[in-house]
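*Asks:* So the chains spell out like this:
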Amino acid sequence: MNRLQQLLHRIRPAAALPTAPIQATASAAVPVLSLSDLVIAYQEGQQPAQNVVHGVSFDVLPGEVVALVGESGSGKTTTAQAVIGLLAENGRLVSGRIQLGGRDITRWSPRQMDGLRGAVVSLIPQDPTSSLNPVQTVGRQVAEILRLHDGARGAAARRARQQRVIELLGHVGLSQPELRARQYPHELSGGMKQRVLIAIAIALKPALIIADEPTSALDVTVQKRILDLIDELRRESGTAVLLVTHDLGVAADRANRLVVLQGGRIQEQGLTQDVLRSPSSAYTRKLLADAPSLAQGRQRPAIERSAQNAQPAVVVEDLVHQFDLPGRSAPFVAVDKVSFSVARGTTHAIVGESGSGKTTTARDVVGFRQPTSGRILIEGQDLTALRGEALRLARRRIQLVHQNPFSSLDPRQTIFEIIEEPLRNYERLARAEREARVREMLERVGLGPTLLARRPHALSGGQRQRVAIARALVLRPQVVVFDEAVSALDVTVQAQILALLEKLQRELGLTYLFISHDLAVVRQIADTVSVLHNGRQVDAGPIEDVFERPGSDYTRALIAAIPGQKHWPSSPRIPHDATADFHSFAHRSAAQTPGLFQQAA
Amino acid sequence: MSALPDTFPSLSTPASSTLAARAHSVWRGARRGPLSLWLAWLVLAAVALCALAPGLVTHFSPVQGIAGQQLQAPGAAHWLGTDALGRDVYTRVVYGAVHSLSGAFVAVAMGLVLGTLLGLIAGASGGLVDDAIMRLVDVLLSVPALLLSLAIIIILGFGTINAAIAVGVASIAGFARLLRSEVVRVRRSDYVEAAFGSGGRFWPVLWRHVLPNSLTSVIALAALQFGSAILAISTLGFLGYGAPPPTPEWGLLIAEGRNYISTAWWLTTVPGLVVVLVVLSANRISAALHKANA
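Protein sequence lines, in the order shown, are assigned to chains A and B.
Per this note's numbering, the first sequence starts with residue 78, numbered consecutively.
Per this note's numbering, the second sequence starts with residue -18, numbered consecutively.
Source of the hints: derived by calculation from the structure; they are not laboratory data.
Where is the CB? At the ideal position from N, CA and C, for every residue including glycine.
Where hints are given, some of them may not hold.
If you want the footprint, here are the derived chain A segments under chain B, 3+ residues with CB under 8 Å [said to hold, decoys possible]:
(1) 471 to 478
(2) 540 to 552
(3) 610 to 616
Build the full structure now, drawing on both the sequences and the hints.
*Replies:* Set out below in structure tokens:
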């Protein structure tokens, strides 16, 4: 939080600088980027080329933020890659026109594009951890783009570049820029690396920055700071930004205009507040309803209080988990005295950013690892006291659903074998009976029996996650632990899975432990919540209490970082910060349309 | 290869039955493969035929020489000439296939089974067991393979099968190391954790999930090892540690031909070329397997 405040203090004066008057001059100005009827095809092996982008047209005006919103496979990244001339090798621009600042660059050679990239249009890539060269210092990598474009040689030019690198690193909010310039990427955190990449992107003051999911690999609080930084730099220099994102909340907060893509076609485009207020396409309406950060209306009914007297399904007491680090005398404390209890039939969420100890807690609760100290009671039975076969038998009552459905299913098994396997481990059933149980479970998770003979690679991400849920539930466990189980899914699929989880909980009386970094999702599904920070539990209690009266600065920062808040109805308890003033009109308009943004709790 | 489709006219027409349809798709898939891969399979198929039914491809005896026809150059009667005892070289090479091929099979099977077992145990159990097995593997790797094979064959005694065992033992280390690295990778995967989470016991999970998902690269290595095993067995035969004369083992054929190399070049060249062809074919197929897995 301190870091955030410092940053805000540092940028605030800059906000007073003259900004490009976006709305007023928009109609007169030449668009920075203009796409018309863009068609892009991919060639796979010997098969005929397949069009993935079908006639996309939109403009980006100077100083404007346009968000290209869509789910995976919508062609948003392909479109962005085409603009900067970085289509994959098997990609081809079939027809259409790309104009950059009035110049037609559609048929430009890679060599001609080299002169544009960085200077006129630059890219902030998706994954900061893999986008920097690990064997070069950060300073050299920033200097590289300057060197490529000024072409100057000699010591004086080098010194001037060095000076500019340090300026740039300072400008993107890195502390001690001289030190950072000498460091290697592995010495920096994910957020710092993304700042370095932003420094490279803005080094030559391009007219257009393409930000391809610039924050989806980062924690929420870091995400907010990085987006604030991009916003700030944009306002300072009047650069236009093409923001490619799957997160409608992020797009709603940051963009002047939205372009909604589905299956390579534009479903809708227009001013952000117009699209949000009165979406014209059914797909946009669905996206809006499914985005957890925007759909504030969908709240869980309060827990039936009668259940509280009963014995809780899960009790965790003073859980401590330490890891011995080689070469260090003091062990690393991943989880430090975490305690919570979950009433039967309710959902408890564990929220935290990477390194908060939430995954370690989940693994301990499922019995994969032995904690250093503390007790874990599942239906009154202490899991930490069990070993070997007794632990294996106890495990059937508590099942885990992994984050990534692409890696949690054995690629060599059929769907039937995957769901059947837990039954074979615990119950001696006749084959016919096993098959009946598998089929029943598959139907419960909303999949057709035709999938039984297929293998995971033939299924979509959502279908796979349903299979993983079926595998967890086929043993009829009492407790299910979800380790970021919806984070890897598209919003509409995520909404379907969340609805499925609620339905299953009602039907089977399940108790959920829901591990997540996404507070917006947690708010939808959880009854109680624990907020973890650096292994410590900094906040805990019923979900409304924690959201309305956060007990720690960290929780407040987390809540403030939920994207999409600018379009929430004004509610005094959500702390708004400096960025909110940017789009004050959107705020008003959203408040006037309670039909779309239903009252938050 | 472009002429080949004409020999299967029925397959290129739209298939009526499912069997024909399947054959058709297999044929189409194979036709897309490169020519060199086709030739490699052809060479191995020919060698396999020689090993299984040598009587079909030649009517001479591999051990009985014909008096008066010693050291004849390749010609109409003896396609690849005769040796010092009047035996047909072509026939001897054909009859030698079974020795080289079965030897290579035994060697690869041995390396594959024992190496896989060691690698699986090491990778799956970790800790002390892993350390102990992998240090043993290091020791095996540090001794040159030929020296190791010679040492083993001195203990076991001469003979084709013993030579094969010796070559097999020398290849255990490579298999073990490769499989261990794969097992360690697969063991950390989510689906193995999920298998334990849904109540799997150690050995069944290893058998059902870890092993099948680790084997692909080992299979490619086995194909590669098949070529090297033929070469190694021929080497041992050449040095006189393999089958005793008059067995027409390829390495032994080359060794016997050495004395006549200035007057009868075909005695060493023909079996030498056959060994080279078979090894190259095995390597080509291994490369294709590797590529298919990657």
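*Asks:* Please go over all the hints and tell whether each is borne out by the structure.
*Replies:* Each hint tested on the structure:
{"no.": "1", "hint": "471 to 478", "result": "holds (count 4)"}
{"no.": "2", "hint": "540 to 552", "result": "holds (count 4)"}
{"no.": "3", "hint": "610 to 616", "result": "violated (count 0)"}
The structure does not agree with numbered hint 3 stated previously, though it agrees with all others.
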